[in-house]
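S.K.: If you're matching positions, the sequence shown starts at 701 in our numbering and goes up one per residue.
To be clear, the hints were calculated from the coordinates, so they are not data collected in a lab. Do not take every clue at face value.
In the EDC-like style, the derived pairs of lysine to aspartate or glutamate whose C-alpha atoms are separated by at most 20 Å in a straight line are [as the list claims (entries may be wrong)]:
#1 925 - 892
#2 987 - 929
#3 970 - 1024
#4 758 - 811
#5 807 - 765
#6 940 - 922
#7 940 - 914
Per label pair, the in silico range of CB-to-CB distance [what the hints assert, rightly or not]:
#8 720 - 744: 48 to 54 Å
#9 790 - 708: 54 to 60 Å
#10 842 - 1111: 57 to 63 Å
Since the structure is predicted, the reported quantities are computational estimates derived from the model, not experimental observations. Note that the Cβ used here is the ideal one computed from N, Cα and C, for glycine as well.
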Amino acid sequence: MNDEEAFDAMITENLQRKDVDPIEEAFAFGQLIQKGKTAEEIAARFGKSIRFVQDRVKLNNLIPELMLAVRDDKMSISAAMIIAKLDDEHQRRYHSSYSNNSSGFTKQTADSFTKSLFMSIDGAPWYQTDDQADEDYEGGCGCKCSECQLNTANHGCLFWDMKTEDAGKCTNRDKFYAKHSAFIIDMLNRFDHPVIKKGSPLETGSVVIIDDEEWCSPATKELKKAIYEKIRAAGFEVIKANEIFEGKCHYTDKRLDRNIEMGYVYQCLKIFTYDNVSFGTQWRYFKGKGKMLEANEGKDKTPATSTQSAEAMKLIQQRNRIKEIAVEKITAESRAMAGNLAEAKRKGELSDAEMFAFQCIIFSLCGSDMLKRYGHKGLGKVSERSFIDVIKQNRADWSMWIREFIRTIIASADITHNGFYQYCAGEVLKEWMPKEWKEMIDKYRVKLDKDLAKNAEKLKGLGYGIDGKLLPQPKESVVKSVVDSTKIEAETIAIPKGRTYKSNSRR
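Turn these sequences into a full structure, and let the hints steer you where they fit.
M.R.: Put into C-alpha cells, the structure is as follows:
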C-alpha cells in the first residue's frame, strides 16, 4: 500500500466513525478534493448528497476560533455555513460580537450579521420607487443591479442559500452607499417643495432635512454617516432636530395652518428609519435657535434678526404656557371640589347646566362618523370652544346623540362579555328594528329548541334528566351466582341503562 492509498484508507476509516464531527468531515472531504476527487465521487462513496459534501467543504474557510466553536457544539452548522462565506476579518468581527453574547453563534445572529454586510437590494429605496426601477443615478455606482456582478442574485451557485425571489444582495458596501446617496440627492432635487440649502434661513413653504439622532442599527448608523456627508457635499442643510425643533405637530386642520402662518412650525424631512432609508415629512415646532423666523414678516417689513426671532418665539411660548398653567390649576381645583361631594344629592329634573354637561360627555364618546357629520374629527385644545358651541346650537339633536351613544356601545366588542349591555341591546333593538329583531329571534329560537331537544334525548339515554339528576329506575332482583372454586360472589346491581357496576365480596 503506497502513501496515497494509506491516506485514502485513513480518511475512509475516520469518516465511517459514528462520532465524526462536521469539522473533521470538512477537512477530510477537502483533502480528498485536493487529491483530485470530485464532490460527486465523494458523495457516492460515502452515501451523502453532493450538496452535503459541498457544504462541509465550505467549513474549511472558518477561522480556528469558529471551527472550535463548531466542534464544541457552541455554533450551529447552519450558522457556520453562513459565516464561512465571509473573509477572515468579518469572521473575527462576528466571533468578537457574539462569543460573549447571550444570543450565541446561531443562525439568527449569523443572518443578522451577514445582512449588515450583504446589503438587501429589494429593501433599497430605489428598488421600491417607480415600480421597482432598475437604474443607476448620477454619481451612483455606475451599474444596474440586475446586471451587476456584485449582486448575489447573479451568482446562484455561490450564494445558493441566500438566493430568493427578491432582487438579491449587494456585496460591495461602498458602491451600495454611493447608489443610496445618488438616489437620495436625485429625490431631493425633484422634491415637491424646495429643500433648504446650506446657510439658507428657514422659510415657510420650504422643507428642511433633519437628523433625529435616534438609536438605529449599526448598519444604518454607518449608512447615515456616509449619506449625510454626500448630502452636505451636494449643498443641502442637515439639521440636528433637537437643536432647532422640539415636539411634532400632529394637527391636520386649521390649527396647522395657523401654526404655519405664525411661524411656529416647519416642515421637516426624515430620511432614515431604524434600519433603512425612507422619506417622510412631518411638522415640527420651532425652538427659535439661530434661524430666521420669517413666517410673520410681510414683504414690506424689515426682516427680523435671528436673535429677535428667537426672543419673540420664547415670549410667545411663555405667554401660551402662562395660560396653560392657569387652566391646569382651575382644573385641579374643580376636580377636588367634585371629589369632596359625597354624592350628587340634588333631586328633580336635570338643570340646563347638568343636561348640557351630560350631552357634552355623550357627544365626546360617540363614534367618529357622527363627529365628522358635524365637522369634527376629534377634540383638541383649540377646537374645544367650537365643540361646545355645537352642543349649544343643536339642542334638538340631544336625544339623537344619546341614541347614537347607545348604538355605539351595543355595537362595540364590549357587548360580547357584558350581560348588562346584552340586555340593553335587546330592549332598544326591539323598538328600533322590530321586524328585523323578530325575524332574528324566531330564527334562533327554532334552532335553540331543536338543539335543546337533541341534548335532552341524549341525557335521557344515559339515564339523566336535563337538571343533571338521575332519572328514577324500576327495582330489579339481585342475581347471585357462585364463581369458580374461589367462591367469589358477584352481585349485579341494577343501575341506569347502559352501565353495570360489580362489587365483589368473599363469603
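S.K.: Work down the list of hints and note, for each, if the structure agrees.
M.R.: Do the hints match the structure? See the list:
1. For the suggested pair residue 925 and residue 892, the alpha carbons sit about 25 Å apart, so the restraint of at most 20 Å is broken.
2. Taking the CA atoms of residue 987 and residue 929, the gap is near 25 Å; set against the 20 Å cutoff, the hint is violated.
3. Taking the CA atoms of residue 970 and residue 1024, the gap is near 31 Å; set against the 20 Å cutoff, the hint is violated.
4. Annotation: proposed proximity of residue 758 to residue 811 holds, straight-line Cα distance about 17 Å (limit 20 Å).
5. Distance restraint check for residue 807 and residue 765: the Cα-Cα separation of roughly 17 Å lies within the 20 Å cut-off, and the hinted pair is therefore satisfied.
6. Among the hinted pairs, residue 940 with residue 922 is consistent with the structure: their alpha-carbon atoms are about 17 Å apart, no more than 20 Å.
7. Simply put, residue 940 and residue 914 have alpha-carbon atoms about 11 Å apart, close enough for the 20 Å limit, and the pair holds.
8. A beta carbon spacing of about 18 Å between residue 720 and residue 744 contradicts the range 48 to 54 Å that was offered as a hint.
9. Separated by about 35 Å at the C-beta atoms, residue 790 and residue 708 break the suggested range of 54 to 60 Å.
10. As the Cβ distance of residue 842 to residue 1111 is approximately 60 Å, the hint placing it in 57 to 63 Å holds.
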